[in-house]
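Just so you know, the protein sequences line up as chains H and L, in that order.
Counting in UniProt numbering, the first sequence tops out at residue 248, every number present.
Counting in UniProt numbering, the second sequence tops out at residue 248, every number present.
Just so you know, these hints were derived from the structure itself, not from any lab.
This list has only true hints and no planted wrong ones.
No copy labels: a pair is met if it fits in one copy or bridges any two.
Keeping only pairs whose Cα atoms sit at most 27 Å apart, straight-line, the calculated DSS-like set for lysine-lysine is:
hint: 1; residue 1: K73; residue 2: K177
hint: 2; residue 1: K7; residue 2: K179
hint: 3; residue 1: K241; residue 2: K179
hint: 4; residue 1: K73; residue 2: K210
hint: 5; residue 1: K179; residue 2: K73
2 protein chains.
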Amino acid sequence: MRNIMIKIEYDGTNYNGWQIQPNGITIQEKIMKAIKRLTGENINLHGSGRTDAKVHAREQVANFYTNSNIPTKRFAVAINHFLPQDIAIMEANEMPMEFHARYWAIGKAYSYQIHNFPQRSALLRNYSYHIPYSLDMEKIEKAAAIFIGTHDFKGFMSSGSSVKNTNRTIHDIKIEKEKDRIWITFEGNGFLYNMVRIMVGTLVEIGSNKRDLAKAREALETGGRNKAGHLAPAQGLFLDKVFYPLTR
Amino acid sequence: MRNIMIKIEYDGTNYNGWQIQPNGITIQEKIMKAIKRLTGENINLHGSGRTDAKVHAREQVANFYTNSNIPTKRFAVAINHFLPQDIAIMEANEMPMEFHARYWAIGKAYSYQIHNFPQRSALLRNYSYHIPYSLDMEKIEKAAAIFIGTHDFKGFMSSGSSVKNTNRTIHDIKIEKEKDRIWITFEGNGFLYNMVRIMVGTLVEIGSNKRDLAKAREALETGGRNKAGHLAPAQGLFLDKVFYPLTR
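Here chain H stands alone, though its shape is the one from the complex (with noise of 0.2 Å):
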């Protein structure tokens, strides 16, 4: 038996998300499906996380265990050829029996994209936010900043989550813009549900004098879901990197 660790890129566009489900097309099921037609095995695949219907992933991380001989170096080939081409398998290794991509995770980065133009993009439909309306970046820069550290983002939580410790530690976020196009990247130590998506909301209520920086802060140190900003829409999304530690 060997425990095997794939990073795996998706374009969340056609999915009802990562987590398989009685109802709609789920990729954590897309890959299970191309494990099986592969090494005939009814495999269970642990993801890092789950991502919403219509969110990316530039390089999401799964476990599974297989007693296939097939050489580690060429899994991510084999597993491709049975997936379609919105999902493919980057890289495949073979990692001590304990490691599980879930409960070994210590952070995350995510990045969103904004497209800010008068205009939607034909290009960039299924993989941004469009906002038609000038934003001012200094306001999102310096509000961006409040998050930073370690807080209770229980505002910054969609309901339907039945995490009980809300405090989550935020170790960069960065913003860069070139012409048109905007993208905020988060990085921390976890993420709660829908998290990301509502700081971004929250910074583009801000960007556009719709909400002020005091009721972010207060979002912060209340608690209330009220203070902070919409949930931005799923498409923007990117899950970038799974972060492990490197011994454990």
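Mind docking chain L on chain H? Use the hints.
Relative to the frame of chain H, chain L by itself:
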């Protein structure tokens, strides 16, 4: 009567190219129908040139004559309302009556994206040429230089074109690489049918030691199509810009 010039972005993935035709859905047709729905007029839309099936545009240019009294500024949003999400009018301007998107064009810029990584990409599947083996970037740089200047590019043209003068001037070729992505940008006074894709195919073969630089030189000198490389796939190609004289 006004002469309206529009700048268009499109994702060519689901189209049979720019030019209207009896079979298959085209971008020109979609825009003409959208304008018909907006103004009630059966206009003729003059594009700067054709693009093939699956080829994209960051900024295609076209013009049409209209008697509508819609303010020029509002044309982009108004036409977009009747267009599918993968075609977007970015800008509309009123031009002198003599302006013609094709006849007035003095140059074009194209870019071509290569995804150079052992595994295929889910996110770039419709926007790049997947090259799984390694490429010698120095060789590619050196080979690209031979195209710059005025040459007879007959050897770099697909059959099916009725063009008589096959001389073209390439002003500049830029090659950029970032991680597993390579962009090759071409700027010139005009391009023959499939010329950019055949130049890219030739550069890829040279970069992977499948074709000698001398062969490519011969293709330029003799006009022999068989001396040049293969036709790189359509989905990696983007029409980036069409150039017009500031005054005429």
